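From just these sequences and the hints, can you work out the full model?
Chains as they are written, first to last, in my numbering: chain A, 195 to 592; chain B, 948 to 1461; chain C, 2 to 539.
I should point out that these hints are in silico values taken from the structure, not numbers from a laboratory.
In this text the structure is predicted, and so the values were computed from the model without any measurement.
Take these hints with a grain of salt, some might be off.
Result set (SDA-like, lysine to any residue): computed pairs, CA atoms no more than 25 angstroms apart in a straight line [claimed, not checked]:
no. : chain 1 : residue 1 : chain 2 : residue 2
1   : C       : K373      : B       : R1129
2   : C       : K373      : B       : L1021
3   : C       : K324      : B       : T1109
4   : C       : K309      : B       : E1309
Covered stretches of chain A (in silico footprint by chain C; criterion: 3 or more residues with CB under 8 angstroms from a CB of chain C, positions within the stretch not fixed) [as the list claims (entries may be wrong)]:
no. : stretch
5   : 320-326
6   : 528-535
Some chain A residues well away from chain C (every beta-carbon gap over 12 angstroms; in silico) [unchecked claim]:
no. : residue
7   : L219
8   : T257
9   : Y259
10  : K280
11  : E337
12  : N366
13  : P544
Even for Gly, the Cβ is constructed at its ideal location relative to N, Cα and C.
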Amino acid sequence: MTIQEVQLDRKKSPFYSRQAKLDRLNQWHEWKGYSSADAFYNAELEYFAIRNSTAVFDLTPMTKYRITGPDSLDYIDRLVTRDMRKIKPGRVAYAVWCDDQGQVIDDGTIFHLMEGEYRLCSQERHMEWLTAAAIGLDVNIKEETADIAALAVQGPTSYSVLKNLGLDGVENLKLFGLMDFDFEGTNLMVSRTGYTGDLGYELWIDPSKAEALWDALFEAGTNYGIMAIGTTALEQSRIEAGYLAAYEDFLPALATVRTGRSRSPFEIGLGWLVDFKKPNFNGRRALAREKRSGSTWRLVKLDIEGNKPASHSYIYTKKYGRFRQVGFVTSAAWSPICKHNIAIGTVRTPNGKVGDTLWVEIYYQREMHWTRLMAKAEVVGKPFWDPERRRVTPPGVY
Amino acid sequence: MTERYDAIVVGAGHNGLVCSALLAKAGKRVLVLEAKDQVGGAAITRAFATGYSVSACAHLLYQLQPKVRKDLGLKIEYAAENMETIALSPNGQHVRITGNRVDGVSDADTDSYRGFYKRMTRFADLLQTYMNRPPARLANGTAKDLLTLARLGLDVRLLGKTEMREFLRLIGMNIYDELVERFESPLLKGALSLDAVLGTHLGPRSPNTILTYLYRLCGNHGRLDSPAGGMSSVTEALAHAARDNGATIRTGMPVKRIIIENGRAAGVETENGDTFSSWLVVSNADPKSTIMDLVSPRNVETGFTRRVHNIRMRGNAAKLHLALDGLPTIEGLDKKDFGERMVIAPDEDYVERAFNPAKYGEFSSNPVLEVTFPSFRDSSLAPTGKHVLSAIVQYAPYKLKGGWTDATRDEFMQAAIEKLAEYAPDLPQRITASELLTPADIEKEFRITGGHWHHGELTLDQFLFVRPVGGAAQYAMPLDGLYLCGAGAHPGGGISGAAGRNAARVILSREKAA
Amino acid sequence: MKTYDAIVVGAGHNGLTNAAFLAKAGLDVLCVEKNEYIGGATVSRNLYKDWIYSNASYVCSLLRPEIFRALELSRHGLQITPYGGGTVFMQKGGYLGSYPDHDVHHREYSRFSKNDADAYERFSADTMRQCRFVRDFLLRTPADPTSFKPKDLKRLAHLGSKFFEMGEDRMYDTIRFWTMSVAEYLDEYFETDVIKAALSGSGIIGTALGIHSPGTAYVLLHHYMGEVDGNMGAWGFARGGMGAVAEAIAGAFQAYGGELRRDAGVEQILVKRGKVKGVALTNGEEIDARIVVSGMDVKRTFLKCMDKKDLPADFYHRVENFKIRGSSGKLNIALDGMPSFPALPKGSPLLDGDMHFIDSMERMERAYDDWKEGTWSKDPYVDMVIPTVSDPTMAPPGKHFMSCFVQYCPAKINGREWKPEEREAFGQTVIDQIAEYSPDFKDLILHVEVRTPKEIEDEAGLTEGNIFHGELTMDQLMFNRPVPGYAQYRAPVAGLYMCGSSTHPGGGVIAAPGANAAREILFDLSRSNTVPETFGDD
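Okay, here's the thing in structure tokens:
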């Protein structure tokens, strides 16, 4: 009798052998069952690789679903709030999906691979919800997380690296576009997407070719400052870009236990993804109601005075010299590239309009002693970091 | 060419007809579309053998709401009224029950039954007040909902302290414990158990069977009538009322889909391609087929779809029709007794044991039966001197392991006939034609998903606020212009007309408000 | 002769808790226990050589941390240690594991169904929500919905506000959760039979209901409650056996100046002129007290230890009809070594967890059908643990103690008493079931104690051996428990109180009934309250 056993230790991505070789710190955390590095050598250098040269991040643990079948467009279009009929094959859409109450379940990217075939990629797992959404529709949903190895290749020189790798035509790849290439006889899909807010790509390939791809990529990047990075650096760059993280800036609605802890797309700054002109989508009625009657929460991007990151801070308004607590910071970082003290937070409406002044209560420690600080914070509209090069096609050689 | 109506009602079941009649009465231009060539849904009379007709699904009338009769001025002719229930005993020592009277049991049981009946009918009256109004929506926060909720609380409180405590205690209980506590007579306990579980996927030991028992008493305290000419006469009367008020009823027009435009109901399309427009579509179909087939989940929310998908509505009751060349002999029964209702449920454990196999997708080899000989008092149903036996036979689970086939259907019919023969030994020889409708057959013939006569199991988790599903218990579906009016909606099944009436009232009052 | 402020009848964990809180408030309290050992069903017994048996209750998941803390039980030697996961062995080979690590658990479920692995998260969130709702009521006296007293109206309003706070959809979920069967509840999440079977056990433990009986979803909470606080160490074994719980509470009680008497069974609760007077012991001794608190179940209290004429007829009748059903039995086994389970990988952490041998919903339900027919399940649901894997104090080194909770097992066989050979056969049924998955198990058995509801009743005094002192069905919960109108711990005789598991919130080693009753007593005596309510965390 063969003994079936679940793997008790963490899963290893197909890039693990290569990452382990570069690892100097032995700092790993769990990401959906996989080992994922915090950093390999120095998080600060890794951060600057994103902004200055090329950073490579192992995306394999991202949850991936393949959606096929005659009703796949109808299915996807009902699932998410944006109009998926406009996303042609070869294009990628950032999207958000909601429960019946219009509360965000998760956000993610949807790749229109070919006519009637999609890949949905998200941080969390959603098989049960996706299955429920398929009731009565002719679609097939397959989880393919482990079947595809994925790398984010991000940074100003990333285009040059890919070009050097021999990906002819990648210069024509537009933001949110995807293209297929041949890599040693295997399909290599490249999408111009990312989580850093910089010029960058994501590479998708069969796990059997993962190591070869890694090696070729690093070979091609030798002269372009290529560097493997961990989550710490990535986290810093995504806050600069104003991107959201599930379980930090919002809580997946289906996982909330307490009332009022979930958020609608309007409440996390994703109102632009909600399209009431398209056919029925999940959460539509509730969102239309919210649109009419107003939201409870608002997501704010904060530019905070000083240089002490406002992690876990309360947010206040100040009126007639009195502070009133109106929300809290959900993500905070010092932006090394902008030299700004930045944060993402959630506040009760009507507070937090762009241009408003808020206050955050920061606690910081210096040589054992804690200090409390009330810092002024300005609500800003644009991401802190949004360089032109992210969009330009063909990208320059930066 | 698309015709426009004020309202389109999908399905001419009794609830659909009640709803149409009331909408038409309020001045609406109503179109009713019925798939079959005959109105009535599961309340119809039809032939099952040459010369023999029968009420093909529901066969006794006990729940038709007085308010429905009154609102529509219904006049129904009865072949039999206030029928007795005879709990058959193999040795002829039958127990007879009518109203609060029971014969053939000990004095203690007679007294005890009187008290039991009094209390149960009192609770049933309370329940009935809810039956005839739409349930409140929780936390919608409108003043009206809070008022309905407050009334619910108040009504219960008005019962008085002791009775209220008893009501709150009993409502979730099983009938088995209550019967065992109160009565000695196995036949009485068996018959009452059967009343509690008829048409459900429950055994007498299942908690919740007091509720199903009370539900049966709602309206007329369990008084049993048999309409002349079978159930069709009830639904024909309803159809008349609808037509008299100006509604158009078209039969032989199965609806293929409900047309949705810009997120609201806009009309219907029939299977032969005709379309009819209306901003108000009322479905008498069960909630599952309404949402899954007619509307398509594409047009509603995922969570809602899942809730609808999860509605438990797998029928367990089969219907047996026998054409007989004469009345059988049953020991201890007079000829006139054949006009009454008979039940085969020798004791409460027997009923529970009959239920056991249903849990595993098997049918009862020793089934429980509710038997009538409708032709005895209604000569229109069979040739002179011949008779019809109409029986509900339980348990026959919709999802039979391996599925229902001709062979399994025959097997179950044989089990039922053998059981009958234990009481009426000459019955098998008298059978000239027979028909058994399993829940799968009922699903097909009457277009009820799962063949469940309540369009959804009648248990506390599918009752009141949460029937058919939470948030949609007020007849309005989460899609503008679409309403439910069938048994799947509050309060549930049985030929009561309550759902149809409530739906019509909700529609009309919503319009007034708008 | 001395008159005590209060006599508590029965040194089970609830009686002791009650006594401890009363003593803490400065009352002169005597706790009497019929056995020479304390604990009732929360007990460690030394029945074979150097083995300690948790021979009745066997895990500690529900003991309210508020009580633990208020009585300083750690000072009195109580330590609860968690155990790792669980296993369901499958008939056709293989097993389903349950792991404390979130992602390993997910991976394990994924072996069977990806849908179910993800669904488990929603299931956990939804169940947790219900736990949080209920938790708030555990250490509160239930409201009387028929009363117009400000205190009751306030309690009702509290209940209402907690309910409405959940938001519309979740209120509907709550209504359904409280009324549906555990099988149907699980059907709404999972598709895999063995996963449903694994989770459904908690819905029927201790009840005379099957997994398809409406109302059983709620019983699940009695399993999950331990996890809800998010505090570590809420669920696990009591070091030294369950008796450690009783010993610690008794320690607290005595430290507060309470008096504990063993071998002092109560024959009757004495009533004089409609007021409680004290108790008469089986040895004829009479002890006076201003208050008597019964930790026994209501049937035993009122039907066996009281004079019928001292009680209102209606109340007496309702107590007679109170449903206490024997539905479970127990096997306690001393083992010469650790049995092997070849289906599990060597060194699997699952060996340090509970084990089950029913892998389908049909088998679960069929086990119940046997009970309905008045006999024990021929293919029973067994909840088996070996606490000695992590607790070296309960058996000699290398030896083990195994506790098997068995369902279903009726109090009587077809309405008559058990015969010794039937008890043997019942034990054998369980041993055979386990041996199917552990070839060396039978050879390792040194001693077996088989307990049907009869033995449990005889020793611990639980009517029909029902571990919850009464069915946890809707008609016997909250304001209906034990009897409508008497849910606030006061018996219909002045000075007489109930504090056993027959009262709200019911059974399990939870100690809330004892604590709640103490709070009500102190209120009646206008004493300051020593009993905590909830931690109040959100």
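Evaluation of the provided hints:
1. Proposed proximity of K373 of chain C and R1129 of chain B is supported: the alpha carbons are some 19 angstroms apart, at most 25 angstroms.
2. For the given pair, K373 of chain C sits about 47 angstroms from L1021 of chain B by alpha-carbon distance, which is inconsistent with the 25 angstroms threshold.
3. With a C-alpha separation of about 19 angstroms, the suggested pair K324 of chain C and T1109 of chain B falls inside the 25 angstroms cut-off, and the hint holds.
4. About 48 angstroms separates the Cα atoms of K309 of chain C and E1309 of chain B, which puts this hinted pair outside 25 angstroms; it is violated.
5. With 5 residues carrying a beta carbon less than 8 angstroms from a beta carbon of chain C, the stretch 320-326 of chain A meets the three-residue requirement, and the given coverage holds.
6. With 0 residues bearing a CB less than 8 angstroms from a CB of chain C, the stretch 528-535 of chain A misses the requirement of three and the coverage assertion fails.
7. The claim that L219 of chain A lies off the interface holds: its Cβ sits roughly 22 angstroms from the closest Cβ of chain C, which is beyond the 12 angstroms cut-off.
8. Its closest Cβ contact with chain C, about 9 angstroms, brings T257 of chain A to no more than 12 angstroms, contrary to its assignment away from the interface.
9. With a least beta-carbon separation of about 10 angstroms from chain C, Y259 of chain A fails to lie farther than 12 angstroms from that chain, contradicting its non-interface assignment.
10. K280 of chain A, annotated as away from the interface, keeps every beta carbon of chain C farther than 12 angstroms; the closest lies near 29 angstroms.
11. Separation of E337 of chain A from chain C is inadequate, the least Cβ-Cβ distance of about 5 angstroms not exceeding the 12 angstroms criterion.
12. Every CB of chain C lies more than 12 angstroms from the CB of N366 of chain A, the least distance being 37 angstroms, so the non-interface label holds.
13. Even its closest Cβ contact with chain C, about 23 angstroms, leaves P544 of chain A beyond 12 angstroms, as expected for a residue assigned away from the interface.
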